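Given the structure of chain B, go ahead and fit chain C onto it with the hints provided.
Read off the chains here:
2 protein chains.
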Amino acid sequence: MKIFTSSEYFDEQLYLESGRILEGYTLAYETYGELNRDKSNAIVVFHALTGSHHAAGKYEGDSKPGWWDGLIGDGKVIDTTKYFVICVNILGSCFGSSGPTSQTKKGQKPLRMKFPVITISDMINSQMNLFKRLGINKAYAVIGGSLGGMQALCVGIEHPEFTDRVIMLASTYATSPWAISFNKLAMEGIVKDTRFQDGNYKKEDFEDIGLNGFAIGRMAGHISFLSPKSMQKKFGRNYVETDGLYELFGRFQVERYMEYNGQNFAKRFDPLSYLYIIKAMNIFDASRNKDSLSASLKSIKAKMTLVSFRGDMLFMPSEMETIRDSLKDLGRGERVEYHCVDSSYGHDAFLVEYDKFDFYIRKALDG
Amino acid sequence: MKIFTSSEYFDEQLYLESGRILEGYTLAYETYGELNRDKSNAIVVFHALTGSHHAAGKYEGDSKPGWWDGLIGDGKVIDTTKYFVICVNILGSCFGSSGPTSQTKKGQKPLRMKFPVITISDMINSQMNLFKRLGINKAYAVIGGSLGGMQALCVGIEHPEFTDRVIMLASTYATSPWAISFNKLAMEGIVKDTRFQDGNYKKEDFEDIGLNGFAIGRMAGHISFLSPKSMQKKFGRNYVETDGLYELFGRFQVERYMEYNGQNFAKRFDPLSYLYIIKAMNIFDASRNKDSLSASLKSIKAKMTLVSFRGDMLFMPSEMETIRDSLKDLGRGERVEYHCVDSSYGHDAFLVEYDKFDFYIRKALDG
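Chains as they are written, first to last, in this note's numbering: chain B, 16 to 382; chain C, 16 to 382.
Next up, chain B with everything else stripped away, as it sits in the complex:
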């Protein structure tokens, strides 16, 4: 499988849901496989909160492949010998697409805290411009988990002609106050960190360590990505053994896990991008601007495949079931397929336990 990495600059205004305008923007993206002659074999993959366009394959010298390599590749469920797969770094992120700390209009300085609020709809609108430029007027399917699932749902609702197949995993139709409250910890952690300096930090100032408040916020995220059961299984009440000699009531393994993941993440991700993306997640509500969720879902033309995970503490199965039920009430029962996967990984399952759900994706693509 060949990885093609690229980016496109759009020297045009993007009208945002907030009413503000982005004067120009860049989108970084990656593709795998070949676009066929009639450009009908494109599968759009949407990444989650902290993912990137690097969804599959390995760059030379890398030990780890892209974040959904288990699903995307030659002969895999999302078969790159058959499909042309494209994944775009979302607007607001920090991996090459325009965000608060990168360029928007060419020649302009990064907007930092003056970067406008971005919504899921805005992310999708920008990506639609890229697909158009690439000649893709219709995708064979769109698919995403978590924040990626929100994007997939948004396409189904707001661009109903764009695809016949929408696949969303571990996601929701509207971010719950429970999920918002986890994001709140990250917002507070970042904004109140003295080194954040109202968004005017220099990356060099904390390159080696990351913002502490950001690390704490990310630790909060990791609680919501796991679950009471998955933590029990993974860590129990085990202590970190190497500390045994030094500390009588030492650190628990679950504490070390959180430290490690929080701190490492704070080094590699940009705090302002994180703020803007969790804000977009918080704002997401598929029923906004409509009378009801039902009124929104009504415009969907694609066949919907919904996969939730039992024990997902961030976006609970009941939220996906609301989408299914709402579609059923609209008489679309035959156009929606719902599966709740038994998993002990919690929300993280959609990035881990491929063998428990990949056949649902296969079915959605073959059907």
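Simulated from the structure, these hints should not be mistaken for laboratory data.
Keep in mind it's a predicted model, so treat the numbers as computed, not measured.
Incorrect hints may appear among the rest.
Since copy identity is lost for identical chains, a pair holds within one copy or between any two.
Derived DSSO-like pairs (lysine-lysine); straight-line CA-CA distance at most 27 Å [unchecked claim]: (1) Lys-305 <-> Lys-248; (2) Lys-97 <-> Lys-218; (3) Lys-249 <-> Lys-305; (4) Lys-129 <-> Lys-318; (5) Lys-294 <-> Lys-249; (6) Lys-316 <-> Lys-147; (7) Lys-305 <-> Lys-244; (8) Lys-153 <-> Lys-17; (9) Lys-91 <-> Lys-378; (10) Lys-121 <-> Lys-147; (11) Lys-54 <-> Lys-217; (12) Lys-343 <-> Lys-244; (13) Lys-316 <-> Lys-97; (14) Lys-120 <-> Lys-217; (15) Lys-54 <-> Lys-248; (16) Lys-207 <-> Lys-294; (17) Lys-294 <-> Lys-248; (18) Lys-343 <-> Lys-248; (19) Lys-124 <-> Lys-316; (20) Lys-249 <-> Lys-217; (21) Lys-318 <-> Lys-378; (22) Lys-153 <-> Lys-244; (23) Lys-217 <-> Lys-73; (24) Lys-17 <-> Lys-124; (25) Lys-378 <-> Lys-313; (26) Lys-217 <-> Lys-207.
Same frame as chain B, now just chain C:
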């Protein structure tokens, strides 16, 4: 009902579970009702993480009564015309009993970060010394919720002759990694706050605002005290209306709730005390020093009343059920009563929805 507030200084060594020794200590406590002639009508109430010995009644000029005023008082379930109720501020806390920022041995400076690690067993041992001094060799009942429930269970196991009735609510036999991970956010928040200064902060430095990192840690706590359902019911996706004019995608009500509670709490509670108490909570494991939970529970002689709350995200009903099942397996089925209360308040229910569980307490006391 008369409130009697007092404190006792113990000019003696307290041998701690860690092997360290507290050279002296003070315990603040409150009592309601009268101790009868044979001192057989005492009910010991244990407070939770951030509670105090002020469990019931109002001080002159106060608008709010003690934290369990709904249960304790003349004619109430814990009837102060009948019982002598006592509640002791736990060791490590900051409301009058010895802790990291107060005096231990008379004339000694506060130990701050040199204060020894305290366990639930240590808290109980110190309280036992107070009860002895007051002439109470046996309590009619002991009762507590959350961290107070751990104390109640500890009495049942480690001081089996002290009472015939142990009542524990919204608690567990061992703190789960899930609960530990919420506490971890508070630990990191406090310790990494630059104004914490390795525990050598001056309260004056942040009297008006509180430590930011502490506020964030407390917000994390509030997530675990509520639940997805209770948040949905309480806040939904509602925005703070007063912000409407100023911010397009404004603050959610759940965000304001967290800010308010986190910040206010950080002003009124001591960060070092919080660190020491959540450490004690993390360490709590009723099966420690024994081969199994069963081996620990075996020593219990009291009748056990266990009350859990459906939707408690901190100490789940399944954890209380483990205690019940373990007691049943020991052939103590008739000496244990378990109730899971339907509530939409999550963990907080034991401080709120009295009418949903007070009859279980009445039954335990009358039985």
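Looking at the structure, which of the earlier hints fail to hold? 2, 4, 11, 15, 19, 20, 22, 23 and 24
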